[in-house]
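2 protein chains.
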Amino acid sequence: MSDIVTAGLLVIGDEILSGRTKDKNIGFIAEYLTNLGIDLKEVRVVSDDEGDIIAALDALRHRYTYVFTTGGIGPTHDDITADSIAKAFGVGIDHHPEVVARFRERWSEQELNEARLRMARIPDGAELIQSATILAPGFKLGNVIVMAGVPSIMQAMMDIVAPKLKSGVRMLSETVRANAREGDIGGPLREIAKAHPDTIIGSYPFTDEDQKPNTHLVVRSRDADKLAAAMAAVKEMLAGLNVTR
Amino acid sequence: MSDIVTAGLLVIGDEILSGRTKDKNIGFIAEYLTNLGIDLKEVRVVSDDEGDIIAALDALRHRYTYVFTTGGIGPTHDDITADSIAKAFGVGIDHHPEVVARFRERWSEQELNEARLRMARIPDGAELIQSATILAPGFKLGNVIVMAGVPSIMQAMMDIVAPKLKSGVRMLSETVRANAREGDIGGPLREIAKAHPDTIIGSYPFTDEDQKPNTHLVVRSRDADKLAAAMAAVKEMLAGLNVTR
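Sequence lines, in order, name chains A and B.
Heads up, the first sequence is in the working numbering, so the first residue is 150 and it goes up one at a time.
Heads up, the second sequence is in the working numbering, so the first residue is 150 and it goes up one at a time.
I should point out that these hints are in silico values taken from the structure, not numbers from a laboratory.
A portion of the hints provided could be inaccurate.
Repeated chains share a single entry, so a pair holds when one copy, or any two copies, can fit it.
Said to hold, decoys possible - Derived pair list, reagent style BS3-like, types lysine-lysine, alpha-carbon separation capped at 25 Å:
{"id": "1", "residue 1": "Lys173", "residue 2": "Lys361"}
{"id": "2", "residue 1": "Lys343", "residue 2": "Lys236"}
{"id": "3", "residue 1": "Lys171", "residue 2": "Lys361"}
{"id": "4", "residue 1": "Lys361", "residue 2": "Lys384"}
{"id": "5", "residue 1": "Lys361", "residue 2": "Lys315"}
{"id": "6", "residue 1": "Lys343", "residue 2": "Lys171"}
{"id": "7", "residue 1": "Lys236", "residue 2": "Lys384"}
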């Protein structure tokens with residue numbers, strides 16, 4: 150059995166649920182984790198509400214190898230992610246001396262007000278996720294990785310944390326363009342999926358450049374040979390199709 | 150007390166979790182529901198797995214006024230949304246005669262294979278969401294609204310179902326550009342938020358056209374007077390700021 154590493158993602162923020170801000174992090178993190186060999190199994194989006202954050206965090210952190218969070222680590226009253234995570238883990242939270250020291254280099258005494266100092270609040274025992282270009286750090290506590298909501302900062306944090314993550318046997322993926330309508334291949338495709346149980350076969354309709362209905366078929370597996378066998382069966386099925394579009 | 154109508158959103162599909170497809174539905178539905186006066190409280194993204202779909206659906210449908218789902222209603226073996234929903238509700242599922250009749254008008258006997266007929270599988274007691282331009286219908290069963298994953302079709306389905314939804318007192322929203330860094334206003338903003346409990350005040354940093362750090366402040370409330378009072382306090386605070394950027 151190969152070691153499978155899983156993840157949940159928790160997106161925190163009223164602005165996503167109201168539609169004011171369109172999330173750009175889910176797609177990025179999904180693709181990033183897939184490339185690392187980590188299976189993203191579930192995403193949840195919750196509001197800036199302590200009870201909602203803790204409930205979702207607890208559901209995810211006990212179920213998956215890692216939980217990634219985005220959002221809610223800024224300087225304002227609606228940024229409650231760090232405190233919620235400390236509460237979920239039952240640990241204290243205080244201004245982290247190393248972060249405060251960096252803030253003192255960056256800001257004058259007048260500027261380093263209570264709001265900015267909030268960004269130095271880190272749960273006890275957490276490991277900082279920081280670099281010279283990241284102002285307010287993220288952190289890793291247990292299996293939970295807490296990141297910024299601003300995409301560019303979140304992406305910088307992912308690059309820092311990625312090398313430290315346990316990664317699994319990577320999911321391999323191959324795509325073929327069917328040049329057929331999804332409805333014409335659904336039957337034989339089901340048989341192929343049944344005959345190749347260690348693969349995952351996905352079917353994604355799209356409109357091609359000739360404005361015709363077309364389909365991408367994606368075969369995924371952690372085993373290269375099994376993937377190749379299923380893909381061969383898919384291609385054989387497509388070659389034998391006798392349909393018009 | 151005003152009647153508050155809530156919603157959960159369940160996005161179904163391996164392709165979103167693998168990063169292959171970037172979701173465009175969450176942001177659209179969030180904004181659409183906000184405009185209807187329905188509060189989107191939570192979003193979950195799960196894979197094409199019956200157990201995962203049912204667990205998420207049950208968590209959401211008992212908690213919120215409505216649950217919207219996207220994805221998994223096509224003709225292939227990985228399209229298992231309708232069957233999962235029938236199972237969650239404990240009702241039967243079969244080919245819906247009205248849908249089959251429409252399919253017969255559209256497709257020849259050879260084309261109307263088992264795969265395409267799958268798209269006519271509708272749980273018992275569900276109400277169809279369909280129009281002349283929608284091929285495979287969505288449906289509404291209890292408080293669950295099942296829609297396509299393809300954004301253009303999902304959007305057409307939302308337009309059909311929206312007039313039938315109970316809508317709440319609409320959340321009003323006003324935005325002001327702070328011309329200040331988030332860290333400089335976090336303290337006074339917290340006091341304003343505390344003093345105006347029936348409003349929700351959000352703070353969203355951005356880089357403005359002069360490449361300076363700037364902040365949008367959003368005040369939301371269902372009560373126009375309370376919103377106006379909180380926004381007045383925010384603007385007074387901003388006018389009294391003595392900070393440089």
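Structure-inconsistent hints, enumerated in ascending order
The structure breaks hints 5, 6 and 7; every other hint is satisfied.
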